[in-house]
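Q: What follows is each chain in one-letter form.
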Amino acid sequence: MAEVKSMFREVLPKQGQLSVEDITTMVLCKPKLLPLKSLSLEKLEKMQQAAQDTIRQQEMAEKEKQQITH
Amino acid sequence: MGSEMEPLLLAWSYFRRRKFQLCADLCTQMLEKSPYDQAAWILKARALTEMVYVDEIDVGQEGIAEMMLDENAIAQVPRPGTSLKLPGTNQTGGPSPAIRPITQAGRPITGFLRPGTQSGRPGTMEQAIRTPRTAYTARPITSSSGRFVRLGTASMLTSPDGPFINLSRLNLTKYAQKPKLAKALFEYIFHHENDVKTIHLEDVALCLGIDTVVLRNRNHIEIALDLAALSTEHSQYKDWWWKVQIGKCYYRLGMYREAEKQFKSALKQQEMVDTFLYLAKVYISLDQPVTALNLFKQGLDKFPGEVTLLCGIARIYEEMNNISSAAEYYKEVLKQDNTHVEAIACIGSNHFYSDQPEIALRFYRRLLQMGVYNCQLFNNLGLCCFYAQQYDMTLTSFERALALAENEEEAADVWYNLGHVAVGIGDMNLAHQCFRLALVNNNHHAEAYNNLAVLEMRKGHVEQARALLQSASSLAPHMYEPHFNFATVSDKIGDLQRSYIAAQKSEAAFPDHVDTQHLIKQLKQHFAML
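Just so you know, the sequences run in chain order A and B. Going by UniProt numbering, the first sequence opens with residue 1, and the numbers climb by one from there. Going by UniProt numbering, the second sequence opens with residue 1, and the numbers climb by one from there.
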């Protein structure tokens with residue numbers, strides 16, 4: 001192993017400048033873990049959905065009635 | 001089939017098997033035969049309540065009305081670390097927005113959604129109204145009562161003969177004499193009954209004057225409050241249960257100080273976990289998180305290791321952006337209850353955003369083992385697998401997530417994350433298509449607009465990229481990425497003025513972003529040279 005070590009030596013330049021060009025790159029938005037929903041939130045959303053559906057159905061039925069009478 | 005079952009027993013059996021509609025129907029038949037059957041009446045009231053029952057502790061939604069007309073906060077300019085309204089001021093330092101996305105309210109996204117986490121606290125009226133629908137962690141709701149109004153309306157419509165109990169004709173004093181009836185009746189009024197008259201007001205109110213909605217819906221809560229007040233009088237102020245109920249009514253009515261008194265008095269009589277939770281909710285509404293934390297710790301002295309109390313502490317820390325303390329308490333929760341979904345999800349997302357996707361993967365896998373089976377979980381699994389270099393599972397997880405998506409917003413988020421996978425493997429065409437599909441599913445997906453712009457820019461389409469970035473930044477002014485990208489692009493094509501304006505917006509959204517500071521410095525030098 002000692003031989004191998006001696007084969008490679010680090011090179012430190014003693015003259016000249018080291019320069020790195022810093023290019024500003026555009027950033028992507030990060031991946032988004034989706035939050036899980038709590039049970040009560042799921043229940044609320046389900047109830048709300050059901051409620052909206054019944055209201056919509058009711059309104060549709062009323063509209064149809066009006067169209068028939070006209 | 002010989003003799004039929006006794007109807008009341010059958011109804012009771014339906015109730016215990018949680019077949020509430022059947023139970024209520026049967027009770028209605030019984031009540032038609034004998035209108036004064038108290039057993040049937042109480043059972044029907046309980047069945048109807050159970051149908052729409054949501055744990056009151058979890059209901060903590062703040063609507064625009066409550067947020068903007070809130071005069072309960074004690075200090076308008078609170079000291080850092082004592083308020084839920086200024087999440088950025090915490091010294092312990094939450095995760096940087098460069099790693100963990102933030103919601104519109106400026107908080108890092110959480111691993112778990114409760115009714116209370118949906119609203120956030122936007123700073124201005126304008127911000128509150130134009131909150132993007134994409135981040136449904138910050139969805140505007142006209143008023144906290146709005147959702148309940150709609151639920152109540154629908155239940156009215158489905159019973160054509162009018163409501164089961166006519167509230168205006170109730171003789172509350174009579175019912176207050178009968179404690180058992182009174183409790184069922186109270187719960188029925190509190191949870192089930194809602195005023196029909198408010199159907200469309202909710203939508204109109206935004207334009208006219210928001211307070212009307214809040215005021216209108218108070219009707220049934222006030223009746224419930226009257227009943228509770230009479231009952232507590234009848235029990236000679238010795239029943240803690242009624243005190244808690246009065247406190248709940250006051251809380252719904254927005255009278256937090258009165259609610260606090262009732263809960264405290266109830267706690268003196270009988271220490272209950274629920275009462276601690278309600279009282280903490282009052283303090284959170286008053287924007288006093290430190291008091292709430294102390295209260296929880298008092299509660300823990302009485303009920304050591306109580307999961308709901310521990311979880312309450314963790315939630316407050318999370319809302320105050322103190323993620324490390326929150327994680328500590330979530331771990332404490334898991335020690336007591338190792339199937340607590342909220343704790344597992346939050347710890348998982350913490351690990352993911354602190355660059356340990358393989359550990360996050362284990363937490364999400366645990367959720368899968370426990371039987372959680374939905375779009376969000378598979379999406380998270382897919383992301384964790386990809387970043388933990390388990391490529392075999394990645395795409396199948398995302399496929400499942402897409403198949404399980406319940407609405408277009410969810411599908412949009414899954415496509416958006418798939419776009420990241422495509423960027424990761426260097427398939428730019430696929431990435432382009434994924435972000436496009438995210439936008440097809442949800443036209444307000446600001447992150448997808450931003451990422452699409454970055455891809456367009458790589459192809460050299462400057463004008464398209466600029467247009468996309470502009471729509472992204474107008475949809476989500478709280479994100480720094482679109483502002484910064486717009487500044488970079490404008491700087492490149494020599495539009496220094498616009499670049500400077502955008503860079504300043506970016507700095508406002510994320511003050512510690514090094515590249516933004518660098519850009520601003522450069523621009524200032526340019527301007528000084530002119």
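It is possible that part of the hints are untrue.
To be verified - Simulated restraints, written as ranges between beta carbons of each label pair: (1) Glu-59/A / Val-273/B: 41 to 49 Å; (2) Ile-55/A / Asn-166/B: 50 to 58 Å; (3) Thr-25/A / Asn-294/B: 44 to 52 Å.
Unchecked claim - Interface residues of chain B toward chain A, partial, derived using beta-carbon atoms under 7 Å: (4) Gly-111; (5) Asp-226; (6) Ala-345; (7) Asn-380; (8) Asp-413; (9) Asn-443; (10) His-444; (11) His-461; (12) Glu-481; (13) Asp-512; (14) Asp-515; (15) Gln-517.
Said to hold, decoys possible - Reference listing, derived: stretches of chain A covered by chain B, where coverage requires no fewer than 3 residues with Cβ under 8 Å from a Cβ of chain B: (16) 9 to 20; (17) 28 to 39.
Keep in mind that the hints were calculated from the coordinates and are not lab data. Just so it is clear, CB atoms sit at the ideal spot from N, CA and C, and this is done for glycine as well.
Q: Does each hint hold? Answer for all of them.
A: Now the hints, each set against the structure:
no., hint, verdict
1, Glu-59/A / Val-273/B: 41 to 49 Å, "44 Å, holds"
2, Ile-55/A / Asn-166/B: 50 to 58 Å, "22 Å, violated"
3, Thr-25/A / Asn-294/B: 44 to 52 Å, "47 Å, holds"
4, Gly-111, "6 Å, holds"
5, Asp-226, "26 Å, violated"
6, Ala-345, "5 Å, holds"
7, Asn-380, "5 Å, holds"
8, Asp-413, "6 Å, holds"
9, Asn-443, "16 Å, violated"
10, His-444, "14 Å, violated"
11, His-461, "13 Å, violated"
12, Glu-481, "5 Å, holds"
13, Asp-512, "14 Å, violated"
14, Asp-515, "5 Å, holds"
15, Gln-517, "11 Å, violated"
16, 9 to 20, "violated (count 0)"
17, 28 to 39, "holds (count 11)"
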